[in-house]
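So the sequence lines, in the order shown, correspond to chains A and B.
Each residue of the first sequence is one higher than the one before, starting from 32 at the first, in the numbering used here.
Each residue of the second sequence is one higher than the one before, starting from 2 at the first, in the numbering used here.
These are calculated hints, taken from the structure and not from any lab test.
Be a bit skeptical, because a hint or two may be false.
As the list claims (entries may be wrong) - Now the in silico label distances, taken between C-beta atoms and shown as ranges:
| hint | chain 1 | residue 1 | chain 2 | residue 2 | range |
| --- | --- | --- | --- | --- | --- |
| 1 | B | Asn501 | A | Gln43 | 51 to 59 Å |
| 2 | B | Ser345 | A | Val177 | 38 to 46 Å |
| 3 | B | Thr502 | A | Glu52 | 51 to 59 Å |
| 4 | B | Glu259 | A | Gly100 | 28 to 36 Å |
| 5 | A | Glu115 | B | Gly538 | 20 to 28 Å |
| 6 | B | Lys253 | A | Val177 | 17 to 25 Å |
| 7 | A | Lys90 | B | Asp43 | 38 to 46 Å |
| 8 | B | Pro536 | A | Asp143 | 31 to 39 Å |
| 9 | A | Gly100 | B | Leu108 | 50 to 58 Å |
Glycine residues also receive a C-beta, built at the ideal position from the N, C-alpha and C atoms.
The residues making up each chain are set out below.
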Amino acid sequence: MNERQGKDTQEQEDRRLRMVERTMRMYGNEPHALIETLHTIQEFYGFIDTDLMLFVSEKLGVPLSKVYGVATFYHFFTLKPQGEHACVVCNGTACYITGAKNIIDEIGKQYDIHPGETTKDNKLSLLTARCLGACGLAPAIIYDGVVVGKQDPMSVIDTLGRWIEK
Amino acid sequence: MNYEELLEIAKVENEKKAQFVHTINVCVAAGCISCGSQELLDAFKREIEKRGIENWCKAKGVGCLGLCTAGPLISIEPEGFIYKDVKVSDIIDVIDALGGEPVKRILCPSDMSFFKKQQKIVLENFGKIDPERIDEYIASGGYQSLNLALREMSPSMVIEQIVKSGLRGRGGGGYPTGLKWTTVIKASGTQKYVICNADEGDPGAFMDRSVLESDPHRVLEGMAIAGYSVGADKAFIYVRAEYPLAIKRLRKAIAQAERLGVLGRGIFNTPFNFDIKLRLGAGAFVCGEETALISSIEGNRGMPQTRPPYPAEYGLWGCPTLINNVETFANVPAILRNGSQWYSSFGTEKSRGTKVFALAGRIKNTGLIEVAMGTTLREIVFDIGGGISADSKFKAVQTGGPSGGCITEEFLDQPVDYESLVKLGSIMGSGGMIVMDDTSCMVDVAKFFVEFCMTESCGKCVPCRDGSAQMYYLLNKISKGHGTTSDLHLLEKLCEIIKNTSLCGLGMSMPNPVISTMHYFREEYLTHIHDKICPAGACNIEGGRK
Numbered sequence: 032m033n034e035r036q037g038k039d040t041q042e043q044e045d046r047r048l049r050m051v052e053r054t055m056r057m058y059g060n061e062p063h064a065l066i067e068t069l070h071t072i073q074e075f076y077g078f079i080d081t082d083l084m085l086f087v088s089e090k091l092g093v094p095l096s097k098v099y100g101v102a103t104f105y106h107f108f109t110l111k112p113q114g115e116h117a118c119v120v121c122n123g124t125a126c127y128i129t130g131a132k133n134i135i136d137e138i139g140k141q142y143d144i145h146p147g148e149t150t151k152d153n154k155l156s157l158l159t160a161r162c163l164g165a166c167g168l169a170p171a172i173i174y175d176g177v178v179v180g181k182q183d184p185m186s187v188i189d190t191l192g193r194w195i196e197k
Numbered sequence: 002m003n004y005e006e007l008l009e010i011a012k013v014e015n016e017k018k019a020q021f022v023h024t025i026n027v028c029v030a031a032g033c034i035s036c037g038s039q040e041l042l043d044a045f046k047r048e049i050e051k052r053g054i055e056n057w058c059k060a061k062g063v064g065c066l067g068l069c070t071a072g073p074l075i076s077i078e079p080e081g082f083i084y085k086d087v088k089v090s091d092i093i094d095v096i097d098a099l100g101g102e103p104v105k106r107i108l109c110p111s112d113m114s115f116f117k118k119q120q121k122i123v124l125e126n127f128g129k130i131d132p133e134r135i136d137e138y139i140a141s142g143g144y145q146s147l148n149l150a151l152r153e154m155s156p157s158m159v160i161e162q163i164v165k166s167g168l169r170g171r172g173g174g175g176y177p178t179g180l181k182w183t184t185v186i187k188a189s190g191t192q193k194y195v196i197c198n199a200d201e202g203d204p205g206a207f208m209d210r211s212v213l214e215s216d217p218h219r220v221l222e223g224m225a226i227a228g229y230s231v232g233a234d235k236a237f238i239y240v241r242a243e244y245p246l247a248i249k250r251l252r253k254a255i256a257q258a259e260r261l262g263v264l265g266r267g268i269f270n271t272p273f274n275f276d277i278k279l280r281l282g283a284g285a286f287v288c289g290e291e292t293a294l295i296s297s298i299e300g301n302r303g304m305p306q307t308r309p310p311y312p313a314e315y316g317l318w319g320c321p322t323l324i325n326n327v328e329t330f331a332n333v334p335a336i337l338r339n340g341s342q343w344y345s346s347f348g349t350e351k352s353r354g355t356k357v358f359a360l361a362g363r364i365k366n367t368g369l370i371e372v373a374m375g376t377t378l379r380e381i382v383f384d385i386g387g388g389i390s391a392d393s394k395f396k397a398v399q400t401g402g403p404s405g406g407c408i409t410e411e412f413l414d415q416p417v418d419y420e421s422l423v424k425l426g427s428i429m430g431s432g433g434m435i436v437m438d439d440t441s442c443m444v445d446v447a448k449f450f451v452e453f454c455m456t457e458s459c460g461k462c463v464p465c466r467d468g469s470a471q472m473y474y475l476l477n478k479i480s481k482g483h484g485t486t487s488d489l490h491l492l493e494k495l496c497e498i499i500k501n502t503s504l505c506g507l508g509m510s511m512p513n514p515v516i517s518t519m520h521y522f523r524e525e526y527l528t529h530i531h532d533k534i535c536p537a538g539a540c541n542i543e544g545g546r547k
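Take these sequences, add in the hints, and give me the full structure.
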């Protein structure tokens, strides 16, 4: 059983790595493929770890320091693994003045986390976004990739509770 | 692909459309989708099939209908009824009412100023065509301007039209578009590039997202015309990774256009080749600055370079590069189709045409609008926007995002154009308009923007990197009730220095929100300092009364 699981994970791992290699190949393994490659890693692995940075650095002929520099410069990339669920609170201007701050405070109180952190049981990551462009529906939140508008602290806590139990 | 084939596609599509007595257009832009419009569209399709009326009634997805606050929105053609807050339970009534009286309980009044007072050029296809089908764009006259340019105009004739139209950069700077194109065509170099700046980083702005989601081909056509005019055969669209739907629709649009031959090699049987690629941003506000954007496409950190040389002479990989905003490109096909004279008949003396704005904040009708330049702020906020939500009082309208300023009630009758807004201490910006009421504290708002710029500063030049942190420190101190009058003077001085000595637009415009709030709401700063009170109740004053 364990052997089987190990095999599956290996296959999964190979598949993800193939996707990363494919992106680099698409851009001719040129140094300018760096950001697109990091996007692929972020998409398939959920975060960017050191081994992968080393791998990309060798393949594209870009110094590791630069790979690290680029990966940390852009907010979209994370170097830490995320929790099972991700709740992204939009903190753009429209959301801010319609109460995003209260939502972040309330989640922080309930789950004892700050933006950018993951709960101890690894269930929930709280993130903030600069602006989702859903300003017409402010304040907006992304629950695991689904954008929901017109939120308030109570409805958010309610949704999170139900969602995490599932 | 040749012109006759293009006309044939349009003809077939229009004939198909004429078969249907009624069309139900469901908005499938990101705003309405997050209110469940995709499920609604599926439900309409199922119901139509169930009733066996698919011969004369059709439901389809369309681009943004504008009034995002009341989503999901649908419109009924040919009657022109617009329904708001439509739920799956409403579809039976909506279909029953086809051809008769509209369903009153969900109907948007047809004389609503929100729809009446707008002037649509960039948004002309919004709510009408399916953004995922190139045929519908062609049926509405799409790609005919590209054909016209390639077959009947020389590059300099196209540029002359753009110059005469008076079109200025819609990204916020307001640089004359024709002049920019002329610089690129004159620059020496065999390889040139066109870049579409879709890195809409301003928090509170969503015009570019809507244009890309609702009418992507319009932008592609504008870019191809620009490429022909300046002699470029390769182009990039740099789009925010935070806009997955826009990316998906752009990818689809590019693939469709290439398959039909309106992009790619030998377009319209001419020697003109044009190839567009997407590049995803990765969440850096500074990449909206053109030289930082170029660095990012090259795979580097998005750090600005000193200018000159400008990208028009030395841009992507050292080649002459034309960078325009999404909305600027989206204006181009309409200008060529209707002529520069038609375009310059809209707007004011120095700001021609129209501008798309994203209305948000404490306003009744949040959403996307397009008005002729020169419309007053009062018309936008109170007529089109419907005024302030709830019963609170208007306090300020913020334009231009973190680079702009706040405008107060007494200046609401000023026309909206590039120069007037600068005179008021704000900027046009890309088009975000955030309306604030008396629950917003201006010190807090200034702090919010400075914090934004502080985290978004790339760190290359000292005034921006350290200055933003110092500004934040002072504003934080004031908002907590620990500020003194000398802090206010220091803040003023700091604003001046940062404005004059920063390397790029981000730093140069960063003090704007602080300067404008200190100018118009000085009292509010002083109340925080002397009385330790936040009148709006937004700041956490330590040890003071709230």
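Structure-based check of each hint:
no., hint, verdict
1, Asn501/B - Gln43/A: 51 to 59 Å, "55 Å, holds"
2, Ser345/B - Val177/A: 38 to 46 Å, "44 Å, holds"
3, Thr502/B - Glu52/A: 51 to 59 Å, "45 Å, violated"
4, Glu259/B - Gly100/A: 28 to 36 Å, "35 Å, holds"
5, Glu115/A - Gly538/B: 20 to 28 Å, "37 Å, violated"
6, Lys253/B - Val177/A: 17 to 25 Å, "21 Å, holds"
7, Lys90/A - Asp43/B: 38 to 46 Å, "43 Å, holds"
8, Pro536/B - Asp143/A: 31 to 39 Å, "33 Å, holds"
9, Gly100/A - Leu108/B: 50 to 58 Å, "56 Å, holds"
Violation of the numbered hints given earlier is confined to hints 3, 5; the remaining hints are satisfied by the structure.
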